[in-house]
Structures are given as C-alpha cells and as structure tokens.
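Chemist: Next come the chains, spelled out residue by residue.
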Amino acid sequence: MADVQTTNQSILVVGGGISGITTALEAAEAGYDVVLLEKNPYLGGRVTQLHQYFPKLCPPSCGLEINFKRLKANPRIRFFTMAEVAGISGKEGDYDVKVKISPRYVNEKCTGCGKCAEACTAEVDNPFNYGMDKIKAAYLPHGFAFPMRYVLDPSIVGTDDGKKCKDACQYDAIDLDMKETSFDLKAGAIVWATGWNPYDAAKVEYYGFGENKNVITNVMMERMASMNGPTGGKIVRPSDGKEIKNIAFIQCAGSRDENHLAYCSGICCVASLKQTRYIREQYPDCEVTVFFIDIRALDRLEDFYTMVKEDQKVKFIKSKIATITEDGATGNLVLEGENTNTGEQIKATFDMVVLATGMAPNSIKSVCSADVSCDEYGFIANDPAKAGIYGAGCARRPTDVASSVQDATSSALRAIQSIARR
Amino acid sequence: MDKNIGIYICTGCGIGDMLDCDPIAEMASDEYSVSICKNHPFLCGAEGVDLIKKDIEGEGVNTIIIAACSPRVNYDVFDFGQDKIIERVNFREHVAWSQAEKDENTQMLAEDYIKMACAKIGRTDLPEPFKAEEEYSKDILVVGGGVAGMTAALETAKAGYNAILVEKDPKLGGFLAKMKKNVTLPYKDISDTGAEAMIKAVSDNPKIKVYTSAAVEKISGGPGIFSVEIKANGNSATERAGAIVQATGWVPYDANKLGHLGYGKFKNVITNVEMEEMAAAGKITRPSDGKDVKNVLFIQCAGSRDPEHLPYCSSSCCLVSMKQATYVKEQNPEAVNYILYKDIRTVGQSEDFYRKAQMDGNVFIRGSVEEVGESGGNLYVSANDELLGEKIKIEELDLVVLAVGMVPRSLPAEIPKIKAPSDSKEADADGMIEVKPDSGFFATSALNLAYRQGPELPTLKYGFPDSHFICFPYETRRTGIYSAGCIRRPMEVGKAKDDATGAAMKAIQCIEATSIGMAVHPRAGDISYPEFNMSRCTQCKRCTEECPFGAINEDEKGNPLPSPTRCRRCGTCMGACPERIISFKNYSVGMIGDMLKAVSVPEEDEEKPRVIVFVCENDAYPAVDMAGIKKMNWSPYVRFVPVRCLGSIALVWVADALARGIDGLLFMGCRHGDDYQCHFVKGSELANTRLSKVSETLDRLSLESDRVKFIEVGITDCDKVPAIISEFMETIESVGPNPYKGW
Chain A
1 MADVQTTNQS
11 ILVVGGGISG
21 ITTALEAAEA
31 GYDVVLLEKN
41 PYLGGRVTQL
51 HQYFPKLCPP
61 SCGLEINFKR
71 LKANPRIRFF
81 TMAEVAGISG
91 KEGDYDVKVK
101 ISPRYVNEKC
111 TGCGKCAEAC
121 TAEVDNPFNY
131 GMDKIKAAYL
141 PHGFAFPMRY
151 VLDPSIVGTD
161 DGKKCKDACQ
171 YDAIDLDMKE
181 TSFDLKAGAI
191 VWATGWNPYD
201 AAKVEYYGFG
211 ENKNVITNVM
221 MERMASMNGP
231 TGGKIVRPSD
241 GKEIKNIAFI
251 QCAGSRDENH
261 LAYCSGICCV
271 ASLKQTRYIR
281 EQYPDCEVTV
291 FFIDIRALDR
301 LEDFYTMVKE
311 DQKVKFIKSK
321 IATITEDGAT
331 GNLVLEGENT
341 NTGEQIKATF
351 DMVVLATGMA
361 PNSIKSVCSA
371 DVSCDEYGFI
381 ANDPAKAGIY
391 GAGCARRPTD
401 VASSVQDATS
411 SALRAIQSIA
421 RR
Chain B
1 MDKNIGIYIC
11 TGCGIGDMLD
21 CDPIAEMASD
31 EYSVSICKNH
41 PFLCGAEGVD
51 LIKKDIEGEG
61 VNTIIIAACS
71 PRVNYDVFDF
81 GQDKIIERVN
91 FREHVAWSQA
101 EKDENTQMLA
111 EDYIKMACAK
121 IGRTDLPEPF
131 KAEEEYSKDI
141 LVVGGGVAGM
151 TAALETAKAG
161 YNAILVEKDP
171 KLGGFLAKMK
181 KNVTLPYKDI
191 SDTGAEAMIK
201 AVSDNPKIKV
211 YTSAAVEKIS
221 GGPGIFSVEI
231 KANGNSATER
241 AGAIVQATGW
251 VPYDANKLGH
261 LGYGKFKNVI
271 TNVEMEEMAA
281 AGKITRPSDG
291 KDVKNVLFIQ
301 CAGSRDPEHL
311 PYCSSSCCLV
321 SMKQATYVKE
331 QNPEAVNYIL
341 YKDIRTVGQS
351 EDFYRKAQMD
361 GNVFIRGSVE
371 EVGESGGNLY
381 VSANDELLGE
391 KIKIEELDLV
401 VLAVGMVPRS
411 LPAEIPKIKA
421 PSDSKEADAD
431 GMIEVKPDSG
441 FFATSALNLA
451 YRQGPELPTL
461 KYGFPDSHFI
471 CFPYETRRTG
481 IYSAGCIRRP
491 MEVGKAKDDA
501 TGAAMKAIQC
511 IEATSIGMAV
521 HPRAGDISYP
531 EFNMSRCTQC
541 KRCTEECPFG
551 AINEDEKGNP
561 LPSPTRCRRC
571 GTCMGACPER
581 IISFKNYSVG
591 MIGDMLKAVS
601 VPEEDEEKPR
611 VIVFVCENDA
621 YPAVDMAGIK
631 KMNWSPYVRF
641 VPVRCLGSIA
651 LVWVADALAR
661 GIDGLLFMGC
671 RHGDDYQCHF
681 VKGSELANTR
691 LSKVSETLDR
701 LSLESDRVKF
711 IEVGITDCDK
721 VPAIISEFME
731 TIESVGPNPY
741 KGW
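If you read the protein sequences in the order shown, they are chains A and B. Start counting the first sequence at 1; every next residue gets the next number (the UniProt record's numbering). Start counting the second sequence at 1; every next residue gets the next number (the UniProt record's numbering).
For the record, the hints were derived by calculation from the structure and aren't laboratory data. Any given hint could turn out to be false.
[Stated by the list, open to error] Taking lysine-lysine and the DSS-like style, the derived pairs with C-alpha atoms no more than 27 Å apart in a straight line are:
{"id": "1", "chain 1": "B", "residue 1": "K209", "chain 2": "B", "residue 2": "K231"}
{"id": "2", "chain 1": "B", "residue 1": "K265", "chain 2": "B", "residue 2": "K158"}
{"id": "3", "chain 1": "A", "residue 1": "K309", "chain 2": "B", "residue 2": "K461"}
{"id": "4", "chain 1": "A", "residue 1": "K69", "chain 2": "B", "residue 2": "K231"}
{"id": "5", "chain 1": "B", "residue 1": "K178", "chain 2": "B", "residue 2": "K294"}
{"id": "6", "chain 1": "B", "residue 1": "K178", "chain 2": "A", "residue 2": "K91"}
[Stated by the list, open to error] Covered by chain A, according to a simulated footprint, are these stretches of chain B (three or more residues, beta-carbon under 8 Å):
{"id": "7", "region": "11-18"}
{"id": "8", "region": "172-179"}
{"id": "9", "region": "349-361"}
None of the values given here were measured: they were computed from a predicted structure. Backbone N, C-alpha and C define an ideal beta-carbon position, used for all residues, glycine too.
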C-alpha cells in the first residue's frame, strides 16, 4: 500500500455505504482527494442488502450503479475494501490514521470468472443474507458486488478446499499466504460514515428471536424479498418453507425503550409499511397486522402510509406486544399484549412475525484518540467546537437513505472547509 | 484525429472456448482495414495490458477496441488515457457466458459486435470540453435569508467562495429570527436559536454580499455564467453567479381554512407560528383579554395529514408543540398542557425530548378533535380519546394552539390537487379538486429564470422542487440550481442547516465542474456536449420542449439556443430532433445508425432473424450483464446497443433498421410515471411516447407494429431479461421475417 499518497489536504472517508460513497463523491467531484475505506469486501454497505427503497419501491442497485460509475470515472478517489481504521490521532488539518486491511486471499488478478467457487466444496453461513443460507467458502459477496472480485473465507485457508480454489484459478489470483496488512495515512479531515448495525433482536428476550424460528427481523425480511436472497425472493416461513397466511409486524422491537435503544430509529415504521407491500404483492390473501406505538411516516412518506392503509388486508393495532410463544407442533406464534386503544388483552396467532428492530451506530470512540464528541448512544455529535472529524448518515443519527445522502453531502463540505482553513 | 486502430480480444474467462477468435481478426482486417488485431488469454493481466501499451507506444495505436469482459469491470485496467478512444466489446457477459459453445450463431454474434464497434469508433471523436465565451463566476447566489439561506451563504464563505444573499424582508433571519427558542440535537432541552449571532456573522462576512428588501427579477445564463438582476429597496443591481441555492422556505398553512378548529372564530385559538411570535415577544397571554394562561391545548396535525388540507406531515410540528409547552411551563409551573395528537413523530434522538415532555407532566392524548367551542369566556375541546376509547371534553382552556404545517414557498408547474370537500361542485371524477390560490397552498415566484421551460424550479407533488428524492435528493431539474431547507421537504432548524450545507456543497461542485467543462450528476465528469448544426434546423422546437433540464432556450423564430453549461448530456435533444442536427463528438444519430448498419442481416431462407435491443446503460445494461453473470441464456439473434438514456433514441434508427431487414427492435428502459426511475427524469417516458408514434413509419413500410416494443426493465430484472427476449423472439417469429431483407 506504499503507493497511497496522502497529505493533510486529503479527506478520509470511513465507511463505504451510501453515506460514505456520497461524501467521497461529492468532495472528489469538487476537486478534492479522497481515500475511502470499507470493511466489507464490497462497497455499498447496508443498502445493498435492501430489496427496495421506500417510497418508490425501486432497487437500491440502480442508484448505486450511478454512484459506482461516478466513482470509476473519478481518479481523485482511492478506495479500499476489507479496510478498517485501527487508530486516529492528531487534530483538524493534520490527522494520522492507521488502516488495517484484512486478507481477502484473492488479489487484483481476479477476473470474476467464478472457477474458484466451482472448485470449492466447503460452505459457510452467508453473511450477506444474515446467515439464512450457505454460500461457497470462495464467493462473490453478491451479484452486483463492486468491485467484482471474489473472496475466500479464512476458514478454508490451509485446507484442501483452499488448495482446490488456488488450483482452479487460471489467473494466479488466489494468494493463500495473504496476511493482514496495515498502512498509515495523512488526512486533513475525516468523515465517519460507518453506518449502523441492526439492534440485536435476541436481546429483546420476550420475543424469543433465535428460538422461535418464524420470528425474523426487518433486515432479514429485506433479504427474503430479494431476488438474490436465500429464497430467491419468495417470502416463506423459515421453519418449514410454507407460504404465509397471517403475518405480524412488531414495531419498536427494542426501540424507544430505555432498556434497549432509547431513541427512535426513524425508518422502521415506513420500512414495515414497505414490507407489507412485499407480502401483499406475493400473497393476495395474506392478512397483515402491524402492532405499533406511533406510525412515524414523516413528510411526504405520509402518502405511503395512506396508500398502505387503503389495503383492507393490512390492520394497524396500537399495542405493545409483551410476549411471543411458539406452538411447537405448528411453528405458529402466539402474540400476547394489550391493545392500548381498546384496553383489551390481545392473544392472536400468526404464522410469521417480523420484528422491526432499530439501528445501533458503529461508534468511533474505540479507535480514535483525537478529539471528537459522541452522544450517550454513540452517535457522533458534530460539535462545532471540535471540527475536523464529522459524522455522516447513520453514524450521526438514525435516519433514512435520502437524509443520509443529504447529511453526507453536507459532511463533504465540512471536510473541505477543514482543509480550506489550513 | 487520425485513428490507428488496434483490436484486442481476450480469450480468458471462457471466451476462447466459446469463440473462434482468428476469423474475427481476419474479418476486421478485411472489412475495416484494421492492421492490429491480437488475442491474449488474460488481457486484463499485466502481460495483456503491456501488449496493448506496447502497441500504443510502438505502433501508434490510439483507438483501441477491447473485446473482453463488460465495460462495467476492469475500467481502471483498460484506461489508457484521455487522448485515446477506447471501445469495450462485451464478449464475456453478453456472448461467452450466455450463448452456445462454438456455435455458428455465437460466432456471428461476436463478429457483429466487432463490426458494430468498428462502425462506432469510425464516428467517434475525442470530446473537447465546452468553454463559454464569458468569464466564469465562482460566486453562489442564495435566494432566501432564513436559516437555510444564511447557512448556505456562511458555509459557502467558509469553503472560500463568495456568496450573494437575497432576502425579501428588510431583515435577515426568516422564521428563525421570529422564534423564542429552538429544539435540536442533542434534543435534551430547548436552546437559544442563535439567530442574532448568525445574522451578524452573515452581515460581517466579507465574502457575503447581502441584499435585503430585495427580489430576484430575472436570472439568465446557466451554471458558471448566471446573470442575476436584483431589485433591492427600489434600486436595480446585476450580479454574476456560478450556481444558485434556492432557500425560500415555507409559509404556514393558512389557518383560515381551519374554521372547524375554531380559528377565526375564537380569539384564543391561535397557530403555532402565532404562539411562537407571542412567546418571543415576551409573555404568552390570552389574545382575547391579555390574561395569564394556565390551561393550554395543542392540536397536532391541524390541517396536516388531512386529504382535504395538507396531505403530508410537516415533520417538525410535534417537537414545536412540545417546545412551546415548555414555554408555558416555564412561565407558570402550575400550567397544564394538553397535546392532542394522531401520532407523535419524534424520530431519532429527538425521542429524548418527547420523553422529557412526558416527564414534565404534559398530558398527551391520542385522538381526534370533535369540536372546539367556547363557554364562559374559556375554550373547550371535545375529542375522541383513542386510548380511553371514549369521548372526552377538556374545559377551562385559555389557549388552543393549532400545530399547522409547512407549505413550500415554490411555484408548482402543475396545480396540485387535493381531495375535494364533500359538498364541492367542482370535484373531478376522482373526487379531487385543484388547489386554488386561496386554498392554503402557496404559489410564488422566486427565481424568474429566463428559461424557455418556465421561470421556476419544476416541482414534484405538493410543490417540492426535487427530482430524485431517495438516492440523489439534491437533484433538481434545473442544472446548477439546488433547493435547500423547507422548500425541499418540511424539516426542523437543525436539519435545515445540514441541508443548506449540502446544497452549498452541490453548488460549489457544479461551479468547479462547469469551469472545466465537465457535466454534473448523473454523468459527472463527462466532457462531451451536444453541438447543433443550425443550418439544417427547421425550428420545430422539439428539442427546446423536451429537454428534461430546460437547457435549451429559443429565439423569436423558434431556433434553439443551447446553454451547454445547463446540459446533463443525456441526449434527449438528439433523440428529439427529426433533422438529426444534434450530435455529441462521441455519441450521435449517425454513429448508432452506422452500428445498426454493421449488423449482418442473413437472407430470409437462412432463418436467422435479427433483433436490435436498445438498452439504457445505467439500468437495463447491468441487468443484461447480471443475466450473463448468472449464465442465463438468450437468443443469439439479438444485438444489444447501449444508449445514454432511452430519451436519446431517434426514430430514424427504427426506420433505417427495418428498411435493412432487421426483424424487430426492443427498447429496454426505466420505469416511468409517478415513481419514475429514469435518472434523466423524463427520458424513458419520452422514448415511450416517441415509439407510440412509430406506427406511421411502420405503416409506410407496410410492417407490423409488433416489430417495435418498449419494455420497462429495472436493474434487478436480470431474471426477466431472457424471458423478455424469448417472448419478443416468439412475436417476431409469428409475424414472420422482415420482407425488406436483401434489399
């Protein structure tokens, strides 16, 4: 990585999701040099795992394609996948950053021909599909993966499978001796756009996620609905692959709850509304029930809520579901709670339940010794008195794609200002 | 430029197993006089790339055809500099991975793609960036001096650029300056608005020129070269600007429409804006008698989320009412606030402020208003309490505050419609009625663009002037003009500041790109631009009408006056022009026409039909690639032709192709309509409209209309691509061979 030339006029963007890509592009297209780091083997982040965006119900890969095209055309951006920040020190206009690159075991000679995957027999849990299916241990992370380059799971290094992959490659692209490497960067400004992780649904113990097989999370539903998901786009019950007739969404599963995430993640309401569309398109007779505290469909997204409400098969019940119990024989799920509108006790059976879990930020604090403020939840506070490191997108507040892009664009200018001040 | 062509065929990734590459080289040398044609088993490897580099240096090759993988990959490996013409032929995804092995038809397909590439480069010149005659300005015009406008100006200045700020009022500050306090990140409590400090910062900043009591009378030109006429305090001034931020904000929804909530009927029913102004002025009292307030009720969504008023949510009113409840409590700790709501919408960390408002003892009631009335000089509100499931009546109220929403201060091109009241006689078949100037929607001009397509930013629903509000929220349909703050979507102060900062970023970026002749989004970095051969123009005005970005003005005779700095390079004008006078150096009607002519058309008795599939290069092309990556198969008789946007397709291509014996033409473009996906907004829609008129051409040729079809293909529709092609091939088979074959 000795060829990475950076100065205190460079902007470092950490996180290659929609926010980080946007920040990098907006700054580079204005004439600034950017280094973009992404920990996954591909760019695009969390949005690549979404089936469709609300409210247009359009595929995220469409906008990503434009962004990748912009990125390909722009020599001012250098990007690294499988890269993480190991340390940040210094101050505005003069940061020193240590970057760690995990071994991919596949070098730049990879043509994406797929021969390694054909040769490989070992399978691993597919991280792209949240472990809902298996993938060959030599794999392309997903169909639209950018860059289009294979990855080897570390578990096959040193095994027969690893050797088979290497032998199958005609282009000498597999390097089983690859080791973790690191290099140092200079940067005048840093934009932290590391996004979010789905809140761990297992922590919301009373919903039995992980034990009740037919309880899934909203992010898993995105994969199920997706053509390149574990079921090829067909939404079915995980326990037996059966079609669904009666599904429930539980909003604020671990959100707006001081025992879990005290804040509101802002997107889960409209995300569930969107997922009711996925279901209703596949199942003309399926009943859908949404248990909610408040439906938070801001600004014009209200139109989407209005549209979903017109569907007679979708019911909204203001309620906090207290428990989910699995019927062992059928795999059905019994939900109990109180209807806060009527005061009645609810006891209803569904064949599948989707937990609308929130967003937990990937915090900067563990790797940063430079001065930066975070709130008590780990979101970057963008304190004007501590310029130089800026949070963008969901590293700053839980929010939707449009707001993340907006925020990322503003972060690009803030980063430029940090350099212009020098 | 004298083209010295080299063709390089990669035989790796299975291409060599599928094709016989030597005859392809012979064909190229025979038919296109290409002297250098080489194969390599691993062209993207160091040795393969060196092979090409050596020919560039040693043989003077400057025009390179690479027949290998999709151009979507190895873009960096096969980059030989801006001074070379590079054409990528997709032998891997579109041939080797999707066709039968060593088959005659596969071979013909590959040969056709090489011929098409040769034809294409024959018509390709290296583009030279556009440079306007006028000197470029790098200053940014900001229209509107509220929180968003002031932020845009300050952030612009902080980045080292000059800003010109135009505010209609005598004083800067907009609604921010009328507020008592603000609530924003970290949402723990109310905080100072900072309005005065901000106004001072703007006024004192040497990089910001402020016009107050001012209006923009006229804007002409385009990015880099805007000329702005400003009228301020009766005086006229002219400024030059490189880009524009429109931050003209919002007006409160007209509460006079909310008579059912007591507004206009009872003096103590006021709006949230009036409440804020009263609090900022000093003390909150009863407007009827000036007495102290003890019991206050806030009605949320007053006219919002209401199909008869503002159908959307204004996002900030929940927080505003909680903030104002805090004012009431600060003034009188014994006071009681009731907040009557549909849903409380405090997203993100602002949930903390909701929690505080609950802790403060404010009474939140989920329900809907039945009646606002007066009894004994006090107000009462009857409501359905959803949580209790019964009707309630809250009495002895000193004040009822209507949380009214935000209406963008824009000029919608199309008059929005809302649901008509049940007794309306003017309702249309859907029960909708056009918004009237007195309906609560606001219509005002702000930019007065001297553009052929109208004076303001085109808007989407409800008057918000944007075009792609998910992936590219800053995009508008007027290049170099970005909207910021509540004109774009309803938002609170903190978000308006962020939004304005982002808009300033886009404005700066546009200025920098324009100054070196580069396009902005979505073809960022493209230096080609359309050139008009005016001697053949018939003044039909199609280009000036159809440009999705209003880039082309007209003179009084109807001649187009293109503004290249406003152009996004989609080629819609090129497709619109019936006289074929609009061309890019590297993209033209003649170029695609020659590619179509290069396609071999076997005699009818060979039973090898030929179909051309035009694909949008952003969505349909990757979908086809993906089908190839998945090793799906499709007919060897189709030839894909990528286009910048389906809006650039010219009907002459259809006529010429059919006249040569091509059996059918399929057009794969993006979804259009309300939820359009076209990145050039109107391109696929225009293509569809144009193709619907193609029947005249077909009639003239006595051909079946089934031979031409438009189909929406999204980027993730790869699974559908082979089926779409099969279905079309079946149609072609059923209508039979094109009788023009062999003519």
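Chemist: Can you list which hints this structure breaks, lowest number first?
Modeler: 2, 4, 6, 8
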